[in-house]
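**Q** The chain contents come next:
2 protein chains.
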Amino acid sequence: MQDFSFYSPTEIVFGKNSEQQIGTLSHQLGGKVLVHYGSGSIKRSGLYDVVKASLKDAGVEFVELGGVQPNPRLSLVHEGIALCRKEQVQGILAVGGGSTIDSAKAIAAGVPYEGDVWDFLAQKEVPKTVLPVGVVLTIPAAGSEASNATVVTKEETQEKFGWNCELLRPVFAVLNPERTYTLPPFQTACGVADIMAHVLERYFTNEPNVAFSDRMCEALLRTMVEQAPRALAEPEDYAARAEIMWAGTLAHNDLLGRGRIEDWSSHMIEHELSAIYDVAHGAGLAVVFPAWMKLIYQERLERFVQFAVRVFDVPYTAGEDEKTALEGIRRIKAFFSSIGLPVTMKELGVPDRSSYDLMAEKAVNTQGGKLGSFRVLSIPDVRRIYELAE
Amino acid sequence: MQDFSFYSPTEIVFGKNSEQQIGTLSHQLGGKVLVHYGSGSIKRSGLYDVVKASLKDAGVEFVELGGVQPNPRLSLVHEGIALCRKEQVQGILAVGGGSTIDSAKAIAAGVPYEGDVWDFLAQKEVPKTVLPVGVVLTIPAAGSEASNATVVTKEETQEKFGWNCELLRPVFAVLNPERTYTLPPFQTACGVADIMAHVLERYFTNEPNVAFSDRMCEALLRTMVEQAPRALAEPEDYAARAEIMWAGTLAHNDLLGRGRIEDWSSHMIEHELSAIYDVAHGAGLAVVFPAWMKLIYQERLERFVQFAVRVFDVPYTAGEDEKTALEGIRRIKAFFSSIGLPVTMKELGVPDRSSYDLMAEKAVNTQGGKLGSFRVLSIPDVRRIYELAE
Chain R
-2 MQDFSFYSPT EIVFGKNSEQ QIGTLSHQLG GKVLVHYGSG SIKRSGLYDV VKASLKDAGV
58 EFVELGGVQP NPRLSLVHEG IALCRKEQVQ GILAVGGGST IDSAKAIAAG VPYEGDVWDF
118 LAQKEVPKTV LPVGVVLTIP AAGSEASNAT VVTKEETQEK FGWNCELLRP VFAVLNPERT
178 YTLPPFQTAC GVADIMAHVL ERYFTNEPNV AFSDRMCEAL LRTMVEQAPR ALAEPEDYAA
238 RAEIMWAGTL AHNDLLGRGR IEDWSSHMIE HELSAIYDVA HGAGLAVVFP AWMKLIYQER
298 LERFVQFAVR VFDVPYTAGE DEKTALEGIR RIKAFFSSIG LPVTMKELGV PDRSSYDLMA
358 EKAVNTQGGK LGSFRVLSIP DVRRIYELAE
Chain S
-2 MQDFSFYSPT EIVFGKNSEQ QIGTLSHQLG GKVLVHYGSG SIKRSGLYDV VKASLKDAGV
58 EFVELGGVQP NPRLSLVHEG IALCRKEQVQ GILAVGGGST IDSAKAIAAG VPYEGDVWDF
118 LAQKEVPKTV LPVGVVLTIP AAGSEASNAT VVTKEETQEK FGWNCELLRP VFAVLNPERT
178 YTLPPFQTAC GVADIMAHVL ERYFTNEPNV AFSDRMCEAL LRTMVEQAPR ALAEPEDYAA
238 RAEIMWAGTL AHNDLLGRGR IEDWSSHMIE HELSAIYDVA HGAGLAVVFP AWMKLIYQER
298 LERFVQFAVR VFDVPYTAGE DEKTALEGIR RIKAFFSSIG LPVTMKELGV PDRSSYDLMA
358 EKAVNTQGGK LGSFRVLSIP DVRRIYELAE
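From first to last, the protein sequence lines stand for chains R and S. Just so we're aligned, residue -2 is where the first sequence starts under our numbering, counting upward by one. Just so we're aligned, residue -2 is where the second sequence starts under our numbering, counting upward by one.
What the hints contain is simulated information worked out from the structure, not anything from laboratory work. Note that the structure is a prediction, hence the values are computed from the model and not measured. It is possible that part of the hints are untrue.
One copy or two, either will do: identical chains are not told apart, so a pair holds if it fits within one copy or between any two.
[Unchecked claim] Straight-line C-alpha distance at most 30 Å; calculated DSSO-like pairs for lysine-lysine: (1) Lys125 x Lys29; (2) Lys13 x Lys367; (3) Lys320 x Lys343.
Just chain R, with the same shape it has in the complex:
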């Protein structure tokens, strides 16, 4: 086991009655609040009114900024920063999914900084302080509600950068599984793939002594395989929705990666896809992850055997390691497909190979030429992964 620190202080308030606490919790945001949200679905669902009423009851003053899009844009972040400065906002309340939370985190980092917040995303500067962020989560997927990460896209350059910083962890996150009842099936499935990918990026590790966290990762992956079909068959199945939502938070609050060497190459390979083709992140991961597995499984066969046996109950026959490993890869691909996700480039809407070289170069070069850890990938490796995903 590697030496590690674990500090995940986000207060999670979970359940049917959790929204009653939004106003009181928001006192922790320090004063006037920016309520940040996306397309307006929170207005249609009534959540917007619930948030507004709870803030008013608690005497929390606020301004608002909607319009966050999937793969959140730097231009809106800049707009949010200007608004917060003008209105002397002290903290941000993100109401929505991962894109909204990521946008809120970038605004929170940018307000007290005299330069361009992109400096942080481009790893050129480190912030001294950021505004506190609270979350009301509506989409279990990105895990941003308790993570130290944000991902923002700069439109002009099609650069999609992820940035990790301990100051970005939300102060609190309110999770009501009922809010996920109205998610379109495709979005539910994309969330499931994203959650599983967060675990898989940690699961495939070169650190040998990870018995307990292996089993926790497997616990989460099995839970998703069991619960996702239930939530899709019956969108108002509270139990299934709750399992997915709680798992989504624990998949990415760092718990499952402690003591391990994490990988994250599939995320980087997907980021390049969604920066150019604007595909849903979870859908891109469902295409990329099985292809990544196919490229590299032979080098650490025993780990892919364990994955197949423990997560997908593939029967193990001694001496048939490769067959077992391949069956595990086949099953995760079949699982993604069964919940309505694309599993090929064509299904994803990537029309041809014209961007493969560019994406492969960017995926490797933005990581300083060293992508991943379980197997360090070269530019040709990444191009091959895009091909294997066809």
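Chain S: place on chain R using the hints.
**A** Using the frame of chain R, we list chain S on its own:
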């Protein structure tokens, strides 16, 4: 799943090099520190010198108080409170196992309180503030390093009270698995039983929708069953020691109980045993838990079947639920015995039945007449559990 809050902000610093950070971390204790410890084993092991040097290097002023015994005493807590007041101590650094941490928490609560700290333990008062507590852990067992709990014994009345309060969570905990190499085998085994009991108290629940946390509990229990024999066979097996230590923290930082209805009757039944006979808590639990299972397994047979199949790989034959459940109970008892723990009252050193009635009465009455939740136990039930443990 039940509605819940989860807030576990203790910073865990884990690994071979973690002790280098003790001094820097202790700046969070607010000023002058009381270094609190037990019998002096930390002096023999050299840890005392490491702590002192790290505090001095970081410029942290401190006084010290040793002498904590297993089942920590109220008298020493009083002594610590008086010392902290006299020396104007701002925070406590507990160096040791659960007893030392529990004693430190009680001192931390007592210093700013004008009455007797026992008021808190007896649930008569609630503290407004407590001093911050930091931890350097040497025994994986109680989970006190990241929990909101303390257990203290009042010698005169043989009362052993547990008290939970969010203010009691340590600010940081330094965990170096190498420090557990020198634990006597019996103490290692007692720690394993305590850790497993913390999970079992949460695992046996009447909340039906707990798929993910069930699997996390099972992950932890399996890890202990696998790793404990390794640590006992080879005391300097870093990997095994690390798995046990990390599992010990996660067994009791509240993670595994979220969304569940917890039980805790076996802990209460054991507390009465150790208050009178001064047995090791983990040893008492190894005797009590299988007996509790035997009393109640028929009422929620499916949960005991799941336990047997998923934790101990008991083969399941349709229609043979009771046999499967009983085999699970037999295996956990056999496991405790295999790692050198007592599994009967006689082996525990309880000579006769003379205290059964008194202990059963106290176990039930200190819980307001309602002990446990998975099955609410009466005084005769508890007496029967002591008998089943013979």
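**Q** Indicate, hint by hint, whether the structure satisfies it.
**A** Hint by hint, here is what the structure shows:
In this homomeric assembly, Lys125 and Lys29 come within 30 Å of each other (Cα to Cα) both inside a single copy, at 21 Å, and across copies, at 27 Å. For a Cα distance limit of 30 Å, the shortest separation of Lys13 from Lys367 across copies, 27 Å, qualifies, whereas the shortest one inside one copy, 44 Å, does not. Taking the closest pair of Cα atoms, Lys320 and Lys343 come within 30 Å of each other only inside a single copy of the chain (27 Å); across copies the shortest separation is 53 Å, beyond that limit.
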